[in-house]
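Enquirer: Residues per chain are reported as follows:
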Amino acid sequence: MGEIFAYDFMVRALLAGLVVGVLCPAVGVFLVMRRYAFMADTLAHVSLAGVALGMILGVFPSLTTLGVTLAAAVGVERLRATGRLHGEAVLALMMSSGLALAVVLISLARGFNVDIMGYLFGSILTVGSGDLLLILAVGAVVLVMLSFFYKELFFISFDEECARVAGLPVDRLNVLFILLVALTVTVATRVVGILLVSALMVIPVLTAQLFSGSFRRLFWLSQVLGITVCFWGLILSYHLGTAPGGSIVLLAAAVFALVQLGTAARRAWQRRHLANGAEEKLPLVKLGERVSGS
Amino acid sequence: MNPVVEVRDLFFSYGEEMALERINLTVARGDFFALMGPNGSGKTTLVKLILGLLKPLSGEVRLFGVPVQRFHRWHRVGYVPQKATSFDVRFPATVEEVVLSGRFGLLGPGRRPGREDRRAVEEALELVGMGDAGHRIIGRLSGGQQQRVFIARALVGKPELLVLDEPVVGLDSRALDSFYSLLEHLNRDMGITLITVTHDTGAVARRVGKVACINKRLICHGTPSQVLTTANLARLYGAPVRRVVHSH
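Protein chains in written order, with numbering that gives the first Met the number 0: chain D, 0 to 293; chain W, 0 to 247.
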């Protein structure tokens, strides 16, 4: 495995992958818990319009992508905050409009030799020093903001109304959070691509949720899983010669499937054990807990 | 001394439809105040207006003498919302995490909860009889236990006013009784002013100090014996209502 680190492009890819591996689930935890997981997908699709705009204007695409994604994020939050439209309908509106704009801009930019596949499915192996710097800078900003507002974001995710009554500036925090999502989507598309970015935000969180006994644990465990699948996904893709973005997401999905199976098997075993142990006076407290929760 | 809540000539509408018309209410310090009315009468809307969650069409709400839109000392107010019984049970938060969030408004951003906050959580959980449930997942508790946890969250900031929106929905009669005993204790022994939205005329008659009946307008208000007459209840619910008095 050591020879991988002899290649600069691979070192840059691994560093970018590790940052994105932490970042995506850290933001994704709050998205999943707010039942807003579709947001990442929407912003990722809209970001394609930013890429195309960058090509046409001849600007570093990451910058135009960032601008367009942030604008779409604020637009989504404003429309949602009016309370007159359903959140998921707003997302569908923004996603299809953004994608339509991207398609039109790409057709205009046809002469510019646009590597659309790279943006759709990620091109982590072509991450340059400039890209890596942007990913590190954005990663640092998002993580600092998340740790600064962790408890407020938890409260809003659990109960937005009570968070308002407690005096939290919920509207401003919602805008801030959605901007953090937009920043994360922008840098993560370099690694896993537009079509797969939401997977990296959602799957590690779902996996961690299967065995998390608290929100704090879910938050940290999701990031550990994210970083693990990004690292090993890249290593696997290097050895197997497969697409890095797809390999990372497939590995994440495989881990989820394994944990899900393991959890189901453990439950079945516990149920059988408790049924057998009823006469042997096994601790019934656990059974009571599970029954009341079902 | 300023009343805890003052509602003056309050009007509110959802679009074209008037939800509340000319509501005037005063809740004094130490009151145990019940807000009654049929479904769709505007009780929850009034609670949300009192808490500044909705903006009135006209009129004014004052909390501790301050207009609600300029009120900032929200740690003085605790709120137990109606949906407490229908929150997302899959949310993997512990009881401790949920109750602790009631301190976040006091703490401010960037500050981590300290020993004092954790002690306040323990005290609030003890107070509602959930002292040993701190590490349990909120979604795995029974409806009555969850309700107590949400009350603990509302109490953990040591509020002077506690607002509960239909807190007894889904509780069985035993849980109901101990729940009202808890509210009485908070009001009588701890001096917390209580406003509770309820349908339960029997418990209201026995436990609360003041009642206001609304059905878009204020129908009647006063002590339970003044207000809960057969004639008033018929006016409120639009049909003759037979009062069932539980005796224990």
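In case anyone wonders, no lab produced these hints; they're calculated from the structure.
Take these hints with a grain of salt, some might be off.
As the list claims (entries may be wrong) - Below, computed lysine to any residue pairings styled on SDA-like, alpha-carbon distance capped at 20 Å:
(1) W:157 <-> D:160
(2) W:215 <-> W:56
(3) W:54 <-> D:77
(4) W:54 <-> D:7
(5) W:54 <-> D:140
(6) W:215 <-> W:25
(7) W:157 <-> W:116
(8) W:157 <-> W:28
(9) W:54 <-> D:3
(10) W:54 <-> D:240
(11) W:215 <-> W:14
(12) W:157 <-> D:166
Enquirer: Against this structure, judge whether each hint is valid.
Expert: Hint check results:
1. W:157 <-> D:160: Judged against 20 Å, a Cα distance of about 19 Å means the pair holds.
2. W:215 <-> W:56: holds (14 Å)
3. W:54 <-> D:77: holds (18 Å)
4. W:54 <-> D:7: violated (58 Å)
5. W:54 <-> D:140: violated (35 Å)
6. W:215 <-> W:25: It holds: about 17 Å lies between the C-alpha atoms, which stays within 20 Å.
7. W:157 <-> W:116: Status holds; Cα separation ~11 Å.
8. W:157 <-> W:28: holds (15 Å)
9. W:54 <-> D:3: violated (61 Å)
10. W:54 <-> D:240: Cα-Cα ~60 Å, so violated.
11. W:215 <-> W:14: holds (15 Å)
12. W:157 <-> D:166: holds (14 Å)
The structure fails hints 4, 5, 9 and 10 (numbered hints given earlier, in ascending order).
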